[in-house]
Amino acid sequence: MAQINPSNIESLDLARKGEVQRRPSRVAGLSRFTGRRLLTGLGTLAFVLVVNFFIFQLLPGDPLARYKGAREISAEDLQKLREELDAPIWEQFFNYLKDPLQLDSFSTIQGKHVWDVIWAALPWTLCLLGTATIMATIIGIWIGIRAGWKRGSRFDRVSTGVTLFLYATPEFWLGLILILLFSTGVWIFPGIFPSSSAIDAGVSPGSLEGIISIAYHTILPAAALAAVYLADYSLIMRASMVDELGQDYLTTARAKGLMDRAIRRNHAVPNASLPTITLIFLNIGFVIGGAITVETVFSYPGLGLLTWDAIQNQDLPLLQALFLLFSVSVIVFNILADIAIAIVDPRIRV
Amino acid sequence: MTTETAEPVTRSPRAIAWSRRRTSTARFLRNFASYRTGMFGVGILVFFVLVALTAPLIFPVRLLNPNLNLDNESLCHPSWDFYYWLGCDDLGRSVMAELAWGARPSLIVGITASIIAMVIGTLVGIASGHFRGLFGGSMERLTDWFLVLPFVPLVIVLQAVLGQTSIWVTVLVLGITSWPGTARLVRAQTLSVEARPYIERAKVLGNSDWAQMTHHVLPNVMPLVIANTTLTVAIVVLSMTTLAFLGLFDDSIPTSAFEVGGISWGGMLDAADGSGAALLGAWWFLIPPGLCVIAVVLAFTLIGRTLEIVLNPRLGSD
Amino acid sequence: MSGTPVLEMRDVFLTYHPPEGPVPAVRGVNLSVGAGEVVGVAGESGCGKSTLISTVLRLFPTSAKVEGEVLVDGENVFDMKWNRMRAVRWGEAAVVFQGALHSLNPIQRIGKQLAEPIMIHDKGASEASAMKRVRELLEQVNLPARHANAYPHQLSGGQKQRVMIALALTCDPKVLLCDEPTTALDVMVQAQILDLLKGIARDRSMGMVIISHDLSVLSTNCDRIAIMYAGRIVEQGDALDLFEHPAHPYTRALMGAFPTIGDETSRYAPSGLPGDPPFPGDLPSGCSFHPRCPRATEECKSIDVQLEPVGPSRKAACIHVMEGAGTV
Numbered sequence: 236m237a238q239i240n241p242s243n244i245e246s247l248d249l250a251r252k253g254e255v256q257r258r259p260s261r262v263a264g265l266s267r268f269t270g271r272r273l274l275t276g277l278g279t280l281a282f283v284l285v286v287n288f289f290i291f292q293l294l295p296g297d298p299l300a301r302y303k304g305a306r307e308i309s310a311e312d313l314q315k316l317r318e319e320l321d322a323p324i325w326e327q328f329f330n331y332l333k334d335p336l337q338l339d340s341f342s343t344i345q346g347k348h349v350w351d352v353i354w355a356a357l358p359w360t361l362c363l364l365g366t367a368t369i370m371a372t373i374i375g376i377w378i379g380i381r382a383g384w385k386r387g388s389r390f391d392r393v394s395t396g397v398t399l400f401l402y403a404t405p406e407f408w409l410g411l412i413l414i415l416l417f418s419t420g421v422w423i424f425p426g427i428f429p430s431s432s433a434i435d436a437g438v439s440p441g442s443l444e445g446i447i448s449i450a451y452h453t454i455l456p457a458a459a460l461a462a463v464y465l466a467d468y469s470l471i472m473r474a475s476m477v478d479e480l481g482q483d484y485l486t487t488a489r490a491k492g493l494m495d496r497a498i499r500r501n502h503a504v505p506n507a508s509l510p511t512i513t514l515i516f517l518n519i520g521f522v523i524g525g526a527i528t529v530e531t532v533f534s535y536p537g538l539g540l541l542t543w544d545a546i547q548n549q550d551l552p553l554l555q556a557l558f559l560l561f562s563v564s565v566i567v568f569n570i571l572a573d574i575a576i577a578i579v580d581p582r583i584r585v
Numbered sequence: 008m009t010t011e012t013a014e015p016v017t018r019s020p021r022a023i024a025w026s027r028r029r030t031s032t033a034r035f036l037r038n039f040a041s042y043r044t045g046m047f048g049v050g051i052l053v054f055f056v057l058v059a060l061t062a063p064l065i066f067p068v069r070l071l072n073p074n075l076n077l078d079n080e081s082l083c084h085p086s087w088d089f090y091y092w093l094g095c096d097d098l099g100r101s102v103m104a105e106l107a108w109g110a111r112p113s114l115i116v117g118i119t120a121s122i123i124a125m126v127i128g129t130l131v132g133i134a135s136g137h138f139r140g141l142f143g144g145s146m147e148r149l150t151d152w153f154l155v156l157p158f159v160p161l162v163i164v165l166q167a168v169l170g171q172t173s174i175w176v177t178v179l180v181l182g183i184t185s186w187p188g189t190a191r192l193v194r195a196q197t198l199s200v201e202a203r204p205y206i207e208r209a210k211v212l213g214n215s216d217w218a219q220m221t222h223h224v225l226p227n228v229m230p231l232v233i234a235n236t237t238l239t240v241a242i243v244v245l246s247m248t249t250l251a252f253l254g255l256f257d258d259s260i261p262t263s264a265f266e267v268g269g270i271s272w273g274g275m276l277d278a279a280d281g282s283g284a285a286l287l288g289a290w291w292f293l294i295p296p297g298l299c300v301i302a303v304v305l306a307f308t309l310i311g312r313t314l315e316i317v318l319n320p321r322l323g324s325d
Numbered sequence: 455m456s457g458t459p460v461l462e463m464r465d466v467f468l469t470y471h472p473p474e475g476p477v478p479a480v481r482g483v484n485l486s487v488g489a490g491e492v493v494g495v496a497g498e499s500g501c502g503k504s505t506l507i508s509t510v511l512r513l514f515p516t517s518a519k520v521e522g523e524v525l526v527d528g529e530n531v532f533d534m535k536w537n538r539m540r541a542v543r544w545g546e547a548a549v550v551f552q553g554a555l556h557s558l559n560p561i562q563r564i565g566k567q568l569a570e571p572i573m574i575h576d577k578g579a580s581e582a583s584a585m586k587r588v589r590e591l592l593e594q595v596n597l598p599a600r601h602a603n604a605y606p607h608q609l610s611g612g613q614k615q616r617v618m619i620a621l622a623l624t625c626d627p628k629v630l631l632c633d634e635p636t637t638a639l640d641v642m643v644q645a646q647i648l649d650l651l652k653g654i655a656r657d658r659s660m661g662m663v664i665i666s667h668d669l670s671v672l673s674t675n676c677d678r679i680a681i682m683y684a685g686r687i688v689e690q691g692d693a694l695d696l697f698e699h700p701a702h703p704y705t706r707a708l709m710g711a712f713p714t715i716g717d718e719t720s721r722y723a724p725s726g727l728p729g730d731p732p733f734p735g736d737l738p739s740g741c742s743f744h745p746r747c748p749r750a751t752e753e754c755k756s757i758d759v760q761l762e763p764v765g766p767s768r769k770a771a772c773i774h775v776m777e778g779a780g781t782v
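Residue numbers (the numbering used here), protein chains in the order written: chain A, 236 to 585; chain B, 8 to 325; chain C, 455 to 782.
No false leads were slipped in.
Covered by chain C, per the in silico footprint, the following chain A stretches (three or more residues, Cβ under 8 Å):
(1) 483 to 489
(2) 502 to 515
(3) 572 to 583
On the chain B side, residues computed to face chain A include the following (Cβ under 8 Å):
(4) P160
(5) A241
(6) T248
No lab work stands behind these hints, which were simulated from the structure alone. Even for Gly, the Cβ is constructed at its ideal location relative to N, Cα and C.
Kindly generate the complete structure, drawing on both the sequences and the hints.
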C-alpha cells in the first residue's frame, strides 16, 4: 500500500476519478454509443411506421380507386386488391409491417413502381439541396463568426438585421422574387436564368453542356433555399460566439501573447462551433422533406415536386413511400448529429 | 401604499405576493421597453392588429368578391386611385384590400395555434420532467418521436385528411404539430427547477405531485414558455403561409365584416404563382404579400428574442 | 531587494467606462517587486486587486482608461507597441490564473495548450522540442508527464492549478502574477501549491505577486504584504511584522481581531467587519473606509488620506495611525 503523504494525495485523487482516457478506450466507447443510438433510432422508426400506416388510412375517398390509380390491372389482381383492402385493419397493418417499404407498390399517377419514381427524382433533390446547404453553411458560419466576434460593430448590426429579415422570409416568395428579377428581368436586373426544370431538354446530364445547363437551372432555387437556411446558421453561430466571448480561457490565450486572429481561430471558433455542428446535421435531415415549395415554384423535378403532385392527385402509395423516406432521413441525421458531437466534444462521456 | 407599511401584520401572504407580482411586472415592462428592437417588433404588431381590426372599414368587403370586380382587368397596374395603389390581382380585386384583410388569418392562426401548442407542450414537458418511470419516460419518447416526423409533409397530409373548409382546421393542425419544441424546453427547465434544494424540502413537507407542479415548477417555467411561444408564433405564421401557398387553406370569399378566413397572404402568393405574375412582371401582386409576412414574422421574432434577453440577462444585447 | 525592481507600478490609475458611467477601479497604486521577492496583495472582492494585475499585461478592456506607469524590467508597458506587448506577455511577465475556473480551453489537450506559448515566443521551436519542454514543465510542478494528453475536465482542481503554474513558467518570465492561486482548493492542496510557488520564486529569482482575499495564505509565504481597499493600498510592509502588528484599522479588522493585549480600543472592534466594501463607482468622501471604520472621526470624512510612513519599512493610509508610532 503506497504511503500517503501530501505529495501523492492528488495522484490518488486521480485514480479515484478514473484514469486519463486513452484513445483506444474512447473509440470503443464511441462504438457502444453508436450502437445505443441506433437502437433508439429503431424505436423511433417503429413509431414512424405506425403513424405512416394509420395516417393514410384516414384520407377520405375510395381506397380501391386510389390504389388502382392509372395503371392497367387484371381482374384477378383487382379482386385480390379488394380483398386486401376489405380485411380488418389490424390484418392490414400486419401485412404492412411485413413489407414496410412496399417494394411492389405502384404509383397511381405514373403507372410505375413507387421506388423507381422516387429514385428518378432523388438525384435532383440532392443536387439542389446539396448546393443550397453548402452555400448556406459556409456563408452563414462566416457571417456568424464575424458578427459575434466583433459584437456591436457595424458589421454585426447590419448582418444581424439582414439575417433576421431572411429568417422571416418565406423561401418560395424569395424564389418568386428571384424569378422576377433574374428570369423575367425588371428594371436593371438581367433576366438570364431559367425559371423551370432542372436541365434543358434533350441535353445529357453527363456532358459538359449538361453540367452547365444543370448549374444554370439550379442556381436560382438553390439561392432561394440557401438564403433562408443561412439565416438560421448565422444566428446560432453568432450566439455561440457571443457565449464564448466571456470565457476565461480566452483571457488566458490573450495573456499568452496570441494575436486576435489566432485566439478566434484556435480557441473561440472550435468551442462555438459545437452547437452549430448539431444544427447542421439536424437541418440536413429536415431539408429533404422541406424543399416542396421551392421545387413547386421552379418546377424542379425533385422529391418536393413529387410530393406535391402526389398530394394533388391523391397518389397514396407514393405519398406513403415519400413520408417514410423523409422520416427515415430525419432519424438517420439525428443519429449522425449525436455521434458527430460525441466525436468532436471530448467532455461527452461515451 | 401607505396603509400597507403602517400595518404589515394584517396583510395576508396572498396579498403580499400579489403586490410583489405587480411591482415586478412593472419592472419587467420597463426593462422590456428599453430594448429598441423589441419595441420595434411591438410597434409592427400593433400596426397589423389595427389593420386586421379596421380592414372592413377601410376596404369594404365588396372589393374582395371577384364577381363584383369584373370590370377590372386582371393584374392591372397600380394607379392613383386609393384602392388601387397596388393595382389588382389576377381576378381584378384590389391588392391593398387583400393585404389588409389578409392580416386576420395570419394573426389569428398564428396566435391561437401557438397557444394550443404552448398548452400541450407545457403539459407534456412538465409531465416528462416531473414523473420518473414509465409515464414520464413515455412522455419524453413521445416528444422525441414527434420531433422526427417531417413537419411540412405531416401538416400537408393532416390538412388534406381533415379538409380545408375552415380556418380552424388549420389552427388545429398547426397546433398539434408545433408543440414538441416547447415540450423539450419545458422538460429541461422542469428538471433544472426540481433539482433545486427548496423543492426537496417541499417534497418532504408532503407536497403532492399536482401541488408541486403547479406551485413550484409552473411559475418558474412560464416566463421562458412565453418567450418560446412568441417565437413559435413566427414559425406558425410561416407554416400557415406555406400551407396557403400550396392551396391547402380556406379560400372562401368573405361576404361580411366578421369573417376571418378566405383571404390570406399565402393565398395571394399562390394566385401570383399560378397566374404567372413573376413571369409577367406584376411586382405589385408579388412583393407586398411577402413583405407583410416578413413584417409579422419579424415582429414576433424580435419580441420573442427580447423577452429571452430580459428573462436571461446573460444573453446580452444584440 | 537589490538592483532595479522587475516590476514597478507608479501612480497607476485605471477607470472602467461601462455605459452606466465611469468606475475607478484602481486609484493611485505604487508597488514595486524585486527579483526573488514575493509580494502579497490582500483585500476583499471588488477592491481592485485583480484589475491591478490586468494592468501589467494590458488585459483590461479597450474602453478602460489608464494613467501612470507600469514598468516590467524597466520598460513601461503602457508605452509599448502591440508587437512588443505580445512579446512581453508571457515572455517577461506571466499570470497564473485561477485553475478552478474555465481558464483552460475545454476541448484542447493540456499538452497542446502548454506548447502554444512556446511555439509563439520561440520561433525556431519544433513541435517535438516543445513537447519535450512541456513534459519538463509538468514534472517541475509535480505532475506526471502523461497528463499532457489529458483534457481539462479530467483533472482535479489542484491539478488544474498546477497546470496553470506550469503554463505560466513556459517562457521563463521574470515576473509571475498569481491571481487567487489557492481559492476553491482544499487546505492540504493549498499548502502544496503555496510551497511550490515559493520554491519557484526563490530558485528562479522571479518577482512574484500573490493576490488573495485570505490573509492567512499570504502571511507565511510572502516577504511583503500590501492591503488594498477601494482601489488603493491602505497598508504596506514586511509580511510577518504586518501580520503581528497591523496599523491600519482595516488591516486589523481583516486579521480577525482577537484583542491585542494592552490595547483597550481593540475591544470595541467587532470580530467581523459590518457592511460591504464600497462599489467603486460610488465611493464615500474622504477616507473610503470611514463608513465601516471603528475609529472613524469627523475628519475622516473630509481628508482624502494617502499612504504615509508609519514606522520602519511600513506605510499606512490612516490619519489616526500616522500621528504616533506605527504600532500599538
